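Asker: Model the placement of chain P on the given structure of chain G, informed by the hints.
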Amino acid sequence: MRKGKSENEPGCPVAALIDVVFLLIVFFLVTMNMEKEVVDRTIELAQAEETKPEEDKNPHRVIVNLREDGDMNIANNPLTPSQLKMLLYNTSQKYGNSIPVIIRADRGARFRQIDKVMKVVGEAGLYRVKISAISNAE
Amino acid sequence: MALGKRKGSGNEELPVPLNTLIDVVFLLLVYFVITWSAPIPEAHLAVNLPSPGESTQEDPPPVLQIEVRPEKILVQGKAYSIDEIRPRLKNLAEMQSEQPVIVKVSGEIKTHRLVQVLDMCKGLGFETVNVMSLKG
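Residue numbers (the working numbering), protein chains in the order written: chain G, -18 to 119; chain P, 1443 to 1578.
Source of the hints: derived by calculation from the structure; they are not laboratory data.
It is possible that some hints are incorrect.
Listed next, the in silico DSSO-like pairs over lysine-lysine satisfying Cα-Cα at most 30 angstroms (straight line) [said to hold, decoys possible]:
#1 G/K97 to P/K1546
#2 P/K1520 to G/K38
#3 P/K1514 to G/K111
#4 G/K100 to P/K1520
#5 G/K100 to P/K1552
#6 G/K38 to G/K97
#7 P/K1552 to P/K1532
Here are the computed distance ranges between Cβ atoms for each label pair [what the hints assert, rightly or not]:
#8 P/I1524 to G/S63: 48 to 56 angstroms
#9 P/L1463 to G/E25: 54 to 62 angstroms
#10 G/L4 to P/K1546: 50 to 58 angstroms
#11 G/Y70 to P/D1465: 45 to 53 angstroms
#12 G/D50 to P/I1476: 39 to 47 angstroms
#13 G/L10 to P/E1550: 31 to 39 angstroms
#14 G/D52 to P/V1475: 28 to 36 angstroms
#15 G/D50 to P/V1475: 33 to 41 angstroms
#16 G/Y76 to P/S1523: 20 to 28 angstroms
#17 G/A(-4) to P/E1454: 34 to 42 angstroms
Computed from a prediction, not measured in an experiment: that's the story for all the values here.
Just so it is clear, CB atoms sit at the ideal spot from N, CA and C, and this is done for glycine as well.
With the rest of the complex left out, here is chain G (with noise of 0.2 angstroms):
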């Protein structure tokens, strides 16, 4: 162990640490997932081994999140099958019949749930529905 300071010592290089500092904050803020909020953290959706995962992310789709009990929220906002068929209704009149709706349902939610959801889709105009799955797929 060393006492004192000589001339020679190396001193922190406080201006490298930073740039590393900085260079991982702006790894986080660039990766950070922004969908947090709007997808439901308590559904445990079902494994897809096969199919891979979704790529194309159209920025207008609607994520409806389907819970066990049969409970249904957009964003973590609860919603009647008749506030649902509105929001949709509004979508489709905005941006055209052909926007995706996304059903997370629970992996243990019941095909008739889902099936209520897809009535209100279809009724609300909009065609294009998908379940979403965890793809365990490369």
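Answerer: Below, chain P alone, put in the same frame as chain G:
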């Protein structure tokens, strides 16, 4: 200009408080490290509804019908277990993968079973897969 110094109008120089800056930057870093989570890869299985402009053909092409019931799965009316339908569907996909598939699902079926069947159809190369409710 040297780091940490600012040119003023006169001779006075204001030092940048580096310690405070580093503190703030580290706090930001800690925040992002704690709140960051790896994105979960989500697959989206298309189960398109009939589009409004879609005309009804007088002579529709033959469809492959799969019924998903609580106790069994029927392919073209013949019952299979979930493990048995894969080879059957594979044979059908090799013969005619452009054939539309209609999956009729009982209301009691859970999502993970539906996803299993849809995923299998998509993985075997069926291009059009539609889902509808099984009556009765």
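Asker: Look at each hint and say if it fits the structure.
Answerer: Quick rundown of the hints versus the structure:
1. G/K97 to P/K1546: Since the Cα atoms of G/K97 and P/K1546 sit roughly 15 angstroms apart, the hinted pair holds (cutoff 30 angstroms).
2. P/K1520 to G/K38: With a Cα-Cα distance of about 38 angstroms, the restraint between P/K1520 and G/K38 is violated, given a limit of 30 angstroms.
3. P/K1514 to G/K111: holds (24 angstroms)
4. G/K100 to P/K1520: holds (28 angstroms)
5. G/K100 to P/K1552: With a Cα-Cα distance of about 18 angstroms, the restraint between G/K100 and P/K1552 holds, given a limit of 30 angstroms.
6. G/K38 to G/K97: holds (25 angstroms)
7. P/K1552 to P/K1532: holds (24 angstroms)
8. P/I1524 to G/S63: 48 to 56 angstroms: violated (36 angstroms)
9. P/L1463 to G/E25: 54 to 62 angstroms: violated (43 angstroms)
10. G/L4 to P/K1546: 50 to 58 angstroms: holds (54 angstroms)
11. G/Y70 to P/D1465: 45 to 53 angstroms: holds (51 angstroms)
12. G/D50 to P/I1476: 39 to 47 angstroms: violated (31 angstroms)
13. G/L10 to P/E1550: 31 to 39 angstroms: violated (46 angstroms)
14. G/D52 to P/V1475: 28 to 36 angstroms: Hint holds: Cβ distance 33 angstroms, inside 28 to 36 angstroms.
15. G/D50 to P/V1475: 33 to 41 angstroms: holds (35 angstroms)
16. G/Y76 to P/S1523: 20 to 28 angstroms: violated (43 angstroms)
17. G/A(-4) to P/E1454: 34 to 42 angstroms: violated (24 angstroms)
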